[in-house]
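Visitor: Protein sequences, first through last, are from chains C and R.
Numbering of the first sequence is given in our numbering, commencing with residue 4 and proceeding in unit increments.
Numbering of the second sequence is given in our numbering, commencing with residue 4 and proceeding in unit increments.
Read the hints as simulated data drawn from the structure, not as lab findings.
Just so it is clear, the structure is predicted and the values come from calculations on it, not from any experiment.
Where a beta carbon is used, it is the ideal one built from N, C-alpha and C, also for glycine.
Heads up, some of the hints might be wrong.
As the list claims (entries may be wrong) - Cβ pair distances, simulated, as ranges:
(1) C:ARG193 - R:PRO249: 48 to 54 Å
(2) R:PRO249 - C:PHE383: 56 to 62 Å
(3) C:THR104 - R:PRO159: 17 to 23 Å
(4) C:ARG101 - R:ILE378: 40 to 46 Å
(5) R:ASP250 - C:ARG406: 48 to 54 Å
(6) C:SER36 - R:PRO257: 45 to 51 Å
(7) R:GLU221 - C:LEU394: 55 to 61 Å
(8) C:ILE411 - R:ARG198: 22 to 28 Å
(9) R:PRO249 - C:GLY385: 55 to 61 Å
(10) R:PRO159 - C:GLY294: 15 to 21 Å
(11) R:GLN128 - C:PRO306: 55 to 61 Å
What the hints assert, rightly or not - Simulated coverage check for chain C against chain R, where a stretch passes if three residues somewhere in it have a Cβ under 8 Å from a Cβ of chain R:
(12) 42 to 50
(13) 69 to 78
(14) 238 to 246
(15) 408 to 414
As the list claims (entries may be wrong) - Every beta carbon over 12 Å from chain R, so not counted as near; a handful from chain C, in silico:
(16) VAL81
(17) LEU85
(18) ASP86
(19) SER103
(20) ARG155
(21) GLY174
(22) ARG205
(23) PRO213
(24) THR428
Number of protein chains: 2
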Amino acid sequence: MSRSPVEPVRPHVVIIGGGFAGLATARGLARSSARVTLVDRRNFHLFQPLLYQVATGGLSPAEISAPLRGILSRQPNVSVRLDEVQSVDLERRAVILRDSTLTYDLLVVAAGATHHYFGHDEWRQHAPGLKTIEDATRVRARLLDAFERAERSDDPVEQETALTFVLVGAGPTGVELAGALGELAHWTLRRDFRRIDPSRARILLVDGAPRVLPALSEASSAAAAHSLERLGVEIWLDSLVTAIGPDEVTIRRPDGERTVAAGTVLWASGVAPSPLAASLLEGAGLEPGPGGRVPVEPDLTLPGHPEVLVLGDLAAAADAAGKPLPGVAPVAMQQGRYAGRLLSRRLRGQSTPPFRYRDKGQLAVIGRAAAVAEIGRARFSGYPAWVLWLLIHILYLAGFTNRLLVLIEWGYSYLTRRRGARLITRSAEDSPPEEP
Amino acid sequence: MSRSPVEPVRPHVVIIGGGFAGLATARGLARSSARVTLVDRRNFHLFQPLLYQVATGGLSPAEISAPLRGILSRQPNVSVRLDEVQSVDLERRAVILRDSTLTYDLLVVAAGATHHYFGHDEWRQHAPGLKTIEDATRVRARLLDAFERAERSDDPVEQETALTFVLVGAGPTGVELAGALGELAHWTLRRDFRRIDPSRARILLVDGAPRVLPALSEASSAAAAHSLERLGVEIWLDSLVTAIGPDEVTIRRPDGERTVAAGTVLWASGVAPSPLAASLLEGAGLEPGPGGRVPVEPDLTLPGHPEVLVLGDLAAAADAAGKPLPGVAPVAMQQGRYAGRLLSRRLRGQSTPPFRYRDKGQLAVIGRAAAVAEIGRARFSGYPAWVLWLLIHILYLAGFTNRLLVLIEWGYSYLTRRRGARLITRSAEDSPPEEP
Numbered sequence: 004m005s006r007s008p009v010e011p012v013r014p015h016v017v018i019i020g021g022g023f024a025g026l027a028t029a030r031g032l033a034r035s036s037a038r039v040t041l042v043d044r045r046n047f048h049l050f051q052p053l054l055y056q057v058a059t060g061g062l063s064p065a066e067i068s069a070p071l072r073g074i075l076s077r078q079p080n081v082s083v084r085l086d087e088v089q090s091v092d093l094e095r096r097a098v099i100l101r102d103s104t105l106t107y108d109l110l111v112v113a114a115g116a117t118h119h120y121f122g123h124d125e126w127r128q129h130a131p132g133l134k135t136i137e138d139a140t141r142v143r144a145r146l147l148d149a150f151e152r153a154e155r156s157d158d159p160v161e162q163e164t165a166l167t168f169v170l171v172g173a174g175p176t177g178v179e180l181a182g183a184l185g186e187l188a189h190w191t192l193r194r195d196f197r198r199i200d201p202s203r204a205r206i207l208l209v210d211g212a213p214r215v216l217p218a219l220s221e222a223s224s225a226a227a228a229h230s231l232e233r234l235g236v237e238i239w240l241d242s243l244v245t246a247i248g249p250d251e252v253t254i255r256r257p258d259g260e261r262t263v264a265a266g267t268v269l270w271a272s273g274v275a276p277s278p279l280a281a282s283l284l285e286g287a288g289l290e291p292g293p294g295g296r297v298p299v300e301p302d303l304t305l306p307g308h309p310e311v312l313v314l315g316d317l318a319a320a321a322d323a324a325g326k327p328l329p330g331v332a333p334v335a336m337q338q339g340r341y342a343g344r345l346l347s348r349r350l351r352g353q354s355t356p357p358f359r360y361r362d363k364g365q366l367a368v369i370g371r372a373a374a375v376a377e378i379g380r381a382r383f384s385g386y387p388a389w390v391l392w393l394l395i396h397i398l399y400l401a402g403f404t405n406r407l408l409v410l411i412e413w414g415y416s417y418l419t420r421r422r423g424a425r426l427i428t429r430s431a432e433d434s435p436p437e438e439p
Numbered sequence: 004m005s006r007s008p009v010e011p012v013r014p015h016v017v018i019i020g021g022g023f024a025g026l027a028t029a030r031g032l033a034r035s036s037a038r039v040t041l042v043d044r045r046n047f048h049l050f051q052p053l054l055y056q057v058a059t060g061g062l063s064p065a066e067i068s069a070p071l072r073g074i075l076s077r078q079p080n081v082s083v084r085l086d087e088v089q090s091v092d093l094e095r096r097a098v099i100l101r102d103s104t105l106t107y108d109l110l111v112v113a114a115g116a117t118h119h120y121f122g123h124d125e126w127r128q129h130a131p132g133l134k135t136i137e138d139a140t141r142v143r144a145r146l147l148d149a150f151e152r153a154e155r156s157d158d159p160v161e162q163e164t165a166l167t168f169v170l171v172g173a174g175p176t177g178v179e180l181a182g183a184l185g186e187l188a189h190w191t192l193r194r195d196f197r198r199i200d201p202s203r204a205r206i207l208l209v210d211g212a213p214r215v216l217p218a219l220s221e222a223s224s225a226a227a228a229h230s231l232e233r234l235g236v237e238i239w240l241d242s243l244v245t246a247i248g249p250d251e252v253t254i255r256r257p258d259g260e261r262t263v264a265a266g267t268v269l270w271a272s273g274v275a276p277s278p279l280a281a282s283l284l285e286g287a288g289l290e291p292g293p294g295g296r297v298p299v300e301p302d303l304t305l306p307g308h309p310e311v312l313v314l315g316d317l318a319a320a321a322d323a324a325g326k327p328l329p330g331v332a333p334v335a336m337q338q339g340r341y342a343g344r345l346l347s348r349r350l351r352g353q354s355t356p357p358f359r360y361r362d363k364g365q366l367a368v369i370g371r372a373a374a375v376a377e378i379g380r381a382r383f384s385g386y387p388a389w390v391l392w393l394l395i396h397i398l399y400l401a402g403f404t405n406r407l408l409v410l411i412e413w414g415y416s417y418l419t420r421r422r423g424a425r426l427i428t429r430s431a432e433d434s435p436p437e438e439p
């Protein structure tokens, strides 16, 4: 952009990533003097914590997404750019895109995380994870296909394999997925088949930790485990996956190694920061922080580069006690709001105290009307926790129609235990386009 | 299935296809003595006439689909089989599936139609059509990507190419798609871009016929054309597409050939019956009817095979005056209901008079609050026709939540001209899965 002498020089803020952190930063710059460019490779903001609802047919992709341009259309100082960031050149203050380059005065990197298979990338094809809309529709197709495969088969061994589901990772995603899958098998699909009983499905939740939801208290873990077991979920703790093949998982349990014939394996375990982390670490000459994340100063800037902020799942930020902050939506949102405030103030020549995370509590839902919640010292589970979860998620969903639609979908499925979005759609890879 | 001596012999009816015709047949057999197997390669019933709404971001795939198992769960004599029919062996009375075979006593073939590129299959990649959910999400991504491409470009020629859309075929699908695209460009995306004006988009509707919607009266055609022009759609009639390449279409107009630089070309023209037509024609020793369809007796049975009924887009049925019936949803629904009645009666030893199509009218919608309708001798357009269209489509949508959700989506987009489902999602073919 040419800077004409009559126009005041407006600093250019580039934000990489339209997730919780990037979007909150952009919104926080609404009244600032900055010209903002938000770069994302997707044209929509995604409410990631509800991806498991798409994966289990409860919600449609568009109900947990909102077009970035739509969200930001009334904020004229922001332009959205649909492109893929290749790397960041800290020295030239430039973001390298596919075919072009964006120079910045201030940079916010909030590119998020992807799956991490602990060095076993060959597991990816057998055990898909849940980070994108495409992941969710792929998992949905796998889950529903498993029941179809069992119904189609005459071989009891194949039926049993098809109806065995292994979920790797008993954090929030794995627990919520297991709960939703339990609902699906025991209630939603109950009358749908003629040759199999879907409630015979075996759902195995596997984790190396000694309890589910290790970030919560032991009481909440126990409540969650109890709710899961009521939905028929088998929980294997202190158990590590050592091999994943087609229709097969090997798990090392405290009492020895077992191989389970399972038609469906889903990955809800390790995450790794976006590849941009490597570009930033190299450019700034830094060693990676815990989990490969990028170390940041207390004000979330990149050490040695006060013009660059790193947020969300990409940043190795810590709380006041030095404990690393988890890669969850509330952290990303608070960091985004902080970044917007810090940059606005800096453009006016004001300084800002360091970022402090306010832990507002933990919540996980396990099927219909069952959840666990910890807010401050309050711990509760069951129906009240579920209602709280519902309210918070409805409140945070971006975009007005989505909220209303989601509320109706949930109300309906609460009353009927049905799930409307049970579509098996295929990507081009799985099946060729239909021939004439 | 073994037939034990104590159980009465229940005739096996196989229905191929869970579209309007197949589903109506299955429902019509609810109180019959038949054991019914409904085979479809998809696990859901699709409300095809609204696919263009998915393609233009107005509705989500799940809002115009309903799981077949869910629809039929309370009809215990029907089992759904998710499989792909390879061919029909009329002599052995067997339907050949991917890995197995189903024998039948009575067969209903309602496998529908696919696109037909008039011998130019190489056009398929440049000009996708609109028959499946995947088609619709692919078209949605192309349409939205076109605006992104223009916004990203600095080259005015490329911007103009990106913002030129050619729709081939001015039947109901082409007209409704053109109207929805006009709405999208002029209203929905109005504030979304910073470097381009989406309303500058050029939308070209091309057809070889002398008017749009040739199945309707000339007055209705004129009203539809007028509504389209108000949305900025350019209509080229008596015009044939002679070549389609990347970013280019060649069109033969009455005054000579023109090549248009167009980033997006969509196919809403020829259809051909499913490949099963060939299998039936060969097996029965018949010549194909108009458009490659299968000729049928007045009771929709295959000539020489009273145990086989052919319905919907696959059948070359005619009205009382001998005029071929069009490949539209009302014909398929009425034929399906007729087939259910005929088979139920035949199982009780009763005969049924021939099928007669009752033309309840024609309807096409062109953007917000604009439509044309012809019911009997009544012809109307504008707001009343649009309300009628809305009521009929809400009424026919299968599944209760869908109806409510669609009503809300439409109410919301009517009031705000927003479209909630503007997601650019990619199939595995277009972009590799994200790397860690």
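Visitor: Against each hint, give a clear statement of whether it holds in the structure.
Guide: Hints and how they fare:
1. C:ARG193 - R:PRO249: 48 to 54 Å: Cβ of ARG193 (chain C) to Cβ of PRO249 (chain R): about 50 Å, so the range 48 to 54 Å holds.
2. R:PRO249 - C:PHE383: 56 to 62 Å: holds, 59 Å
3. C:THR104 - R:PRO159: 17 to 23 Å: This hint holds: roughly 21 Å between Cβ atoms.
4. C:ARG101 - R:ILE378: 40 to 46 Å: Violated - the Cβ-Cβ distance for ARG101 (chain C) and ILE378 (chain R), about 53 Å, lies outside 40 to 46 Å.
5. R:ASP250 - C:ARG406: 48 to 54 Å: violated, 40 Å
6. C:SER36 - R:PRO257: 45 to 51 Å: Violated - the Cβ-Cβ distance for SER36 (chain C) and PRO257 (chain R), about 57 Å, lies outside 45 to 51 Å.
7. R:GLU221 - C:LEU394: 55 to 61 Å: Cβ of GLU221 (chain R) to Cβ of LEU394 (chain C): about 57 Å, so the range 55 to 61 Å holds.
8. C:ILE411 - R:ARG198: 22 to 28 Å: violated, 37 Å
9. R:PRO249 - C:GLY385: 55 to 61 Å: holds, 58 Å
10. R:PRO159 - C:GLY294: 15 to 21 Å: violated, 46 Å
11. R:GLN128 - C:PRO306: 55 to 61 Å: With Cβ atoms ~49 Å apart, the hint is violated.
12. 42 to 50: This one holds; 3 residues, not fewer than the three required, reach chain R with a Cβ under 8 Å.
13. 69 to 78: With 6 residues close enough to chain R, the hint holds.
14. 238 to 246: Not satisfied, violated; 0 residues make the cut.
15. 408 to 414: Contact hint for the stretch 408 to 414 of chain C vs chain R: holds, 3 residues under 8 Å.
16. VAL81: Per Cβ check, VAL81 (chain C) is inside 12 Å of chain R; nearest 8 Å; violated.
17. LEU85: violated, 4 Å
18. ASP86: violated, 7 Å
19. SER103: Since the minimum Cβ distance to chain R is about 8 Å, SER103 (chain C) lies within 12 Å and the statement is violated.
20. ARG155: It is violated; ARG155 (chain C) is separated from chain R by about 7 Å at its closest Cβ, not greater than 12 Å.
21. GLY174: Its Cβ never comes within 12 Å of chain R, the nearest being 18 Å, so this holds.
22. ARG205: Check passes; 21 Å lies beyond 12 Å.
23. PRO213: Nearest chain R Cβ is 27 Å from PRO213 (chain C), so the label holds.
24. THR428: Since the minimum Cβ distance to chain R is about 5 Å, THR428 (chain C) lies within 12 Å and the statement is violated.
Checked against the numbered hints given earlier, this structure breaks hints 4, 5, 6, 8, 10, 11, 14, 16, 17, 18, 19, 20 and 24; the rest are met.
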